[in-house]
Amino acid sequence: MARALRPQPTILVIRNIPFVRSTFADLTRYESGTSSPVHAPGYEFTSELVRLWINFLDLPNLGEICEQLARWANPNQPPINEVTAPVLAAIVEFGAVSQPTGPYDRAAIRTAWHFLLETLRDLIDGLLLDPTQGYSEPLTLEFQSSLNNIAREAENHESAGQAHWALMESREQAERAQEAREFAELAAGVSSSARLTGSYDQYATANEKESKFFRRSTLALVAAAIIIPFILHVMLLTTFQLESTNLATLIYPLVVSGGLFGVAGYCSRQAHLHRTLATWSKTISIQLQTFDGFVAPVDNVALRDTLRSQFAERVFGAHPKLKGEPGVSASSPMIDTVLTKFTRDPSA
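Here the numbering used here = 1-based position in the sequence shown + 29.
Possibly wrong hints are sitting among the right ones.
Claimed, not checked - Computed beta-carbon distance windows for the label pairs: (1) T319 x F212: 15 to 25 Å; (2) A192 x T130: 45 to 55 Å; (3) K241 x Q316: 19 to 29 Å; (4) R80 x A192: 11 to 21 Å; (5) A203 x N329: 35 to 45 Å; (6) A192 x N329: 38 to 48 Å; (7) A195 x P132: 20 to 30 Å; (8) V330 x E184: 44 to 54 Å; (9) Q318 x I260: 18 to 28 Å.
Source of the hints: derived by calculation from the structure; they are not laboratory data. Positions of the beta carbon are idealized from the N, C-alpha and C atoms, including for glycine.
Assemble the whole structure, with the sequences as input and the hints as a guide.
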């Protein structure tokens with residue numbers, strides 16, 4: 030059954046068929062020592078178009094028929110257009126499908142594929158337009174049958190090819206979506222790391238201020254513990270005219286001095302604690318900024334995960350403690366202060 034012809038504005042012909050065929054044949058090279066043709070990954074389906082073109086160009090007497098058709102001048106028929114040069118140019122673009130490595134310009138390859146497919150079908154339609162006119166001898170039924178078979182296969186290839194292109198586009202869109210998600214996660218991680226680093230910096234600054242306050246308080250209390258008892262002892266002797274051997278004269282200054290030294294000891298301990306926390310917070314802040322660069326050269330995934338786990342325990346684990354005191358975990362008030370600042374919405 031004859032295939033219905035598609036409407037077209039011109040009749041296409043092709044010349045120098047042996048050269049065109051050899052150019053197509055170059056796209057079907059095989060891997061060394063195997064019978065497997067070389068294809069770009071994902072473009073294997075395009076080999077069917079190359080096969081159809083070679084089958085078309087191998088038709089007997091095709092060159093003579095195209096030459097006759099090119100010289101056919103009939104004012105009642107559409108004009109005749111030679112497409113040898115455009116076909117060769119499209120083969121060059123299409124040649125990327127026979128390269129095992131990229132990069133591949135999918136849009137250029139698809140454009141060349143579509144042009145070659147449509148040109149093949151138009152060539153066949155031109156030959157079948159009126160097989161009894163314009164030739165020295167009418168086209169044989171066998172020749173017409175071969176043209177119709179190739180045309181039907183081209184239609185089937187077009188349907189299958191469009192499905193392949195759609196699948197490739199969907200995969201590319203999925204990859205872009207995955208890349209966008211990974212980029213968003215990376216950006217979120219960088220933002221979170223920056224906020225966490227900022228929180229530790231603020232925590233270090235606050236503890237430095239507290240350490241300075243308690244250190245100054247310690248110095249002031251130590252000085253007071255020395256001066257005030259002496260003044261108190263003099264006042265007891267002069268104002269209250271107590272004897273130096275009186276029990277009150279001896280005990281009151283010692284009690285006041287002991288109390289002031291006790292408060293000074295507490296302030297000294299607090300100064301040391303806040304200084305330790307400030308140093309720890311600064312260290313964590315620096316490590317947060319440099320950790321990714323430190324683990325980046327590590328190729329062992331398991332080792333890299335172990336380093337991250339240990340670092341997370343250090344960041345969110347117990348803070349430095351004084352001797353004899355329990356550590357403070359991430360659920361404790363001090364670390365909760367950092368985590369609260371870190372997780373708080375900055376727009377709130």
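Legend entry - Indices of hints not satisfied (ascending): Going through the list in order, the structure violates hints 2, 5 and 9 and respects the others.
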